[in-house]
Amino acid sequence: MSYEVHLSIDAKGQKCPMPVLLTSRGIKKIEPGQVMVVEATDGGSKSDIPSWAKDTGNELLESTIEDGVYRYVIRKS
Amino acid sequence: MRKSECSVLDHTSQRGIEKGAGAVSDSGVTPGGVEDDLPESMTIVAWSGDLDKLWPTLILGSTGAAYGMNTTIFFTFWGLFPLVRDDVRITGTNAMTKALAGMNRPGMSHMKLSKLNMGGAGAWMMKKLARDQKVAHPKELVEMCTELGVKLWPCEMSMELLGIRPDQLIDGVGEPVGAATALSEMNKSNINLFI
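Keeping their order, the protein sequence lines are chains A and B. Letter 8 of the first sequence, counting from 1, is numbered 8 in this note's numbering, and no numbers are missing. So the mapping is simple: this note's numbering equals the position in the second sequence, first residue as 1, plus 1000.
By construction, these hints were calculated from the structure, which means they are not laboratory data. Mixed in with the good hints there might be a few duds.
Said to hold, decoys possible - Listing some non-contacts, in silico: residues in chain B with all C-beta distances to chain A over 10 angstroms:
1) D1050
2) A1065
3) A1066
4) H1110
5) G1120
6) K1127
7) A1136
8) M1144
9) M1157
10) P1166
11) I1170
12) G1174
13) T1181
14) S1184
15) I1191
Claimed, not checked - Lysine-lysine pairs mimicking DSS-like chemistry, simulated, CA-CA at most 30 angstroms apart:
16) K76/A / K29/A
17) K1115/B / K1127/B
18) K54/A / K1151/B
19) K1139/B / K28/A
20) K1053/B / K54/A
Cβ atoms here follow ideal geometry from the backbone N, Cα and C, with glycine treated the same way.
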């Protein structure tokens, strides 16, 4: 599925907790309903980003991995 | 006789209602409802100024704020020295507090390891490892903390004891507070840590 992406966050190469911190910073910059993409290589993000989305009430639309890069699509609620 | 019994009953039942009403207003709507309405909250007492203690404190603090938790870090005793700006070489108001700062250099860049510091070589190696692995430096994490709204509270009493002035502290640090303020925050917190 494709979404209109309002913000892309590059957290590639950064270790825990930076991907979550950058995601949290990013979500403040977009409006409810808008979509943000986060790319990370840290394996911890695999559990951190979904649990962050669940706890903060934002919607994780997609979570994929390609060539060692995790890609998370999040909609601000 | 019957009338007086009746009035006693009325009185007790009324008191019962009042007591019930009081309990409800004390805790909000219902205990469950209050828990849902209040944001999650975490307070960390940063008592140690060691690199290997303050580092995880800052990781947890910034992550807590990223999770939307109301997060407070209360810096006390040795935890205060890293909050001093790196360019402040010596803190202290008298010979003893100056000597203390001389032996325990203030500043986020001058933290030591609690184990295997080896005159600073251990701390240097740890920071090099972190840099190579792209783990965020404590300085970067403090900036994240302030940006994400973590309350960084220095302990007023410790500051006076150690001779550290508010103008010697890094940007983003709140007003010095007392133990009661820290405790009141801890009382409201779901997570309380002492590191």
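Taking the hints in turn, this is what the structure says about them:
no.: 1; hint: D1050; in the structure: holds, 20 angstroms
no.: 2; hint: A1065; in the structure: violated, 7 angstroms
no.: 3; hint: A1066; in the structure: violated, 3 angstroms
no.: 4; hint: H1110; in the structure: holds, 23 angstroms
no.: 5; hint: G1120; in the structure: holds, 24 angstroms
no.: 6; hint: K1127; in the structure: holds, 14 angstroms
no.: 7; hint: A1136; in the structure: violated, 5 angstroms
no.: 8; hint: M1144; in the structure: violated, 5 angstroms
no.: 9; hint: M1157; in the structure: holds, 31 angstroms
no.: 10; hint: P1166; in the structure: holds, 27 angstroms
no.: 11; hint: I1170; in the structure: holds, 18 angstroms
no.: 12; hint: G1174; in the structure: holds, 20 angstroms
no.: 13; hint: T1181; in the structure: holds, 26 angstroms
no.: 14; hint: S1184; in the structure: holds, 25 angstroms
no.: 15; hint: I1191; in the structure: holds, 13 angstroms
no.: 16; hint: K76/A / K29/A; in the structure: holds, 10 angstroms
no.: 17; hint: K1115/B / K1127/B; in the structure: holds, 14 angstroms
no.: 18; hint: K54/A / K1151/B; in the structure: holds, 24 angstroms
no.: 19; hint: K1139/B / K28/A; in the structure: holds, 22 angstroms
no.: 20; hint: K1053/B / K54/A; in the structure: holds, 29 angstroms
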